Amino acid sequence: MATKKKGIPGWFLENFFSPRTDRVHHVLIRGYVPEIDDYEFIESIHIGLFGKGIRHGYLFAEYEGVDVEIYTVSSVDPTTAKRAPLELIRFGKSPYDFFLIISVLSQIPWIILRNLLKERRIRKLRAQDFRYKPDTAFLCTEVYWHAYHLVGVDIVPTGVLLFPSAYKEALDKGVIRLYYKGILRRNVDATAGKKRSTASNTALAADE
25 MATKKKGIPG WFLENFFSPR TDRVHHVLIR GYVPEIDDYE FIESIHIGLF GKGIRHGYLF
85 AEYEGVDVEI YTVSSVDPTT AKRAPLELIR FGKSPYDFFL IISVLSQIPW IILRNLLKER
145 RIRKLRAQDF RYKPDTAFLC TEVYWHAYHL VGVDIVPTGV LLFPSAYKEA LDKGVIRLYY
205 KGILRRNVDA TAGKKRSTAS NTALAADE
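Counting in the working numbering, the sequence shown tops out at residue 232, every number present.
It is worth saying that the hints were derived from the structure and are not from the lab.
Note that the structure is predicted; figures quoted are calculated from it, not measured.
There could be a bad hint or two in this list.
[Said to hold, decoys possible] Label pairs and their computed distance ranges (CB to CB):
{"#": "1", "residue 1": "Leu140", "residue 2": "Ile60", "range": "31 to 41 angstroms"}
{"#": "2", "residue 1": "Pro33", "residue 2": "Gly198", "range": "24 to 34 angstroms"}
{"#": "3", "residue 1": "Asp91", "residue 2": "Pro58", "range": "37 to 47 angstroms"}
{"#": "4", "residue 1": "Lys142", "residue 2": "Glu88", "range": "39 to 49 angstroms"}
{"#": "5", "residue 1": "Lys142", "residue 2": "Glu86", "range": "41 to 51 angstroms"}
{"#": "6", "residue 1": "Arg155", "residue 2": "Leu202", "range": "24 to 34 angstroms"}
{"#": "7", "residue 1": "Ser99", "residue 2": "Gly55", "range": "31 to 41 angstroms"}
{"#": "8", "residue 1": "Arg147", "residue 2": "Asp101", "range": "31 to 41 angstroms"}
{"#": "9", "residue 1": "Asn211", "residue 2": "Phe40", "range": "15 to 25 angstroms"}
{"#": "10", "residue 1": "Arg145", "residue 2": "Asp101", "range": "39 to 49 angstroms"}
{"#": "11", "residue 1": "Leu174", "residue 2": "Glu143", "range": "32 to 42 angstroms"}
{"#": "12", "residue 1": "Lys28", "residue 2": "Ile125", "range": "17 to 27 angstroms"}
[Said to hold, decoys possible] With a cut-off of at most 16 angstroms between alpha-carbon atoms, the simulated EDC-like pairs for lysine to aspartate or glutamate come out as follows:
{"#": "13", "residue 1": "Lys29", "residue 2": "Glu93"}
{"#": "14", "residue 1": "Lys192", "residue 2": "Asp178"}
{"#": "15", "residue 1": "Lys29", "residue 2": "Glu86"}
{"#": "16", "residue 1": "Lys76", "residue 2": "Asp91"}
{"#": "17", "residue 1": "Lys205", "residue 2": "Asp91"}
{"#": "18", "residue 1": "Lys205", "residue 2": "Glu93"}
{"#": "19", "residue 1": "Lys28", "residue 2": "Asp46"}
{"#": "20", "residue 1": "Lys192", "residue 2": "Glu93"}
{"#": "21", "residue 1": "Lys142", "residue 2": "Asp159"}
{"#": "22", "residue 1": "Lys205", "residue 2": "Glu59"}
{"#": "23", "residue 1": "Lys28", "residue 2": "Glu86"}
{"#": "24", "residue 1": "Lys148", "residue 2": "Asp46"}
{"#": "25", "residue 1": "Lys148", "residue 2": "Glu193"}
{"#": "26", "residue 1": "Lys157", "residue 2": "Asp178"}
{"#": "27", "residue 1": "Lys28", "residue 2": "Glu111"}
{"#": "28", "residue 1": "Lys117", "residue 2": "Asp159"}
{"#": "29", "residue 1": "Lys28", "residue 2": "Glu93"}
{"#": "30", "residue 1": "Lys28", "residue 2": "Asp101"}
{"#": "31", "residue 1": "Lys29", "residue 2": "Asp46"}
{"#": "32", "residue 1": "Lys148", "residue 2": "Glu38"}
{"#": "33", "residue 1": "Lys205", "residue 2": "Asp101"}
{"#": "34", "residue 1": "Lys29", "residue 2": "Asp91"}
{"#": "35", "residue 1": "Lys192", "residue 2": "Glu59"}
{"#": "36", "residue 1": "Lys197", "residue 2": "Asp178"}
{"#": "37", "residue 1": "Lys106", "residue 2": "Glu64"}
{"#": "38", "residue 1": "Lys192", "residue 2": "Glu38"}
{"#": "39", "residue 1": "Lys30", "residue 2": "Asp91"}
Idealized CB from N, CA, C, for every residue including glycine.
Input sequences plus hints: build the corresponding full structure.
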C-alpha cells in the first residue's frame, strides 16, 4: 500500500524522479486479524533523527480516511504472498535507513554531472542511476521489496534503488498491479469500491 506524503521529502521524490508518482510512503499489509476486525501492517518510519525503524500497526486504526493505493504482486500465489511478510520477522529490530538517504543525496551531483557529459542534458533522476546495495536498515520503500525478495520474488531488480519511482515503474510494467485506489474506509470493498454491510468482510490485498 502507498500513500502521499507532505513536506519537502514528498515534494522532492514526486518532482525530481522519473517515472513520476505522488505515492511516497509505502506500507506492507500482512493480513487480517479477525479478533479486532483490522489488518496488521509492517512499515519503517523515523521519529526525530535516529528513532524507530521497522514497526507493526493496524491498518484502519492508523490509516482510515487516508488516500491510498493498494497493490498486489502479479503472478504470486496466495501462499507465497502470505509467507512474504513473515520473513521480515528476522528484521524486527532493524533501524531506519538514514545512511541510504545520505548516500542518495551525495550521489545526486555526480549523477547530474554524468548525465550532462554522456547525454548532454539535465533530466529527472531514475532509480537505476544510483549505486545501491540492500542491507538490514530500512526505508519504508525497502520493507515491501525485502519481504518478497526473501521468498524469491524481486518486485524491483536487485541493485536498483528502492525509491517510489522504482515501484511506479514496476506498476507500469505489470510486475505489480493496482488493487484499490481511493480513501481507505472500513465499510468499502476494495475490490470494487462498493459499500459492504459488515466491516469484517472488507477485502484488502493481503488476503488475495
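Checklist entry - Are there hints from earlier that the structure breaks, and if so, what are their numbers? => result As far as the earlier hints go, 1, 3, 7, 9, 16, 21, 22, 27, 30, 33 and 35 are violated by this structure, in ascending order.
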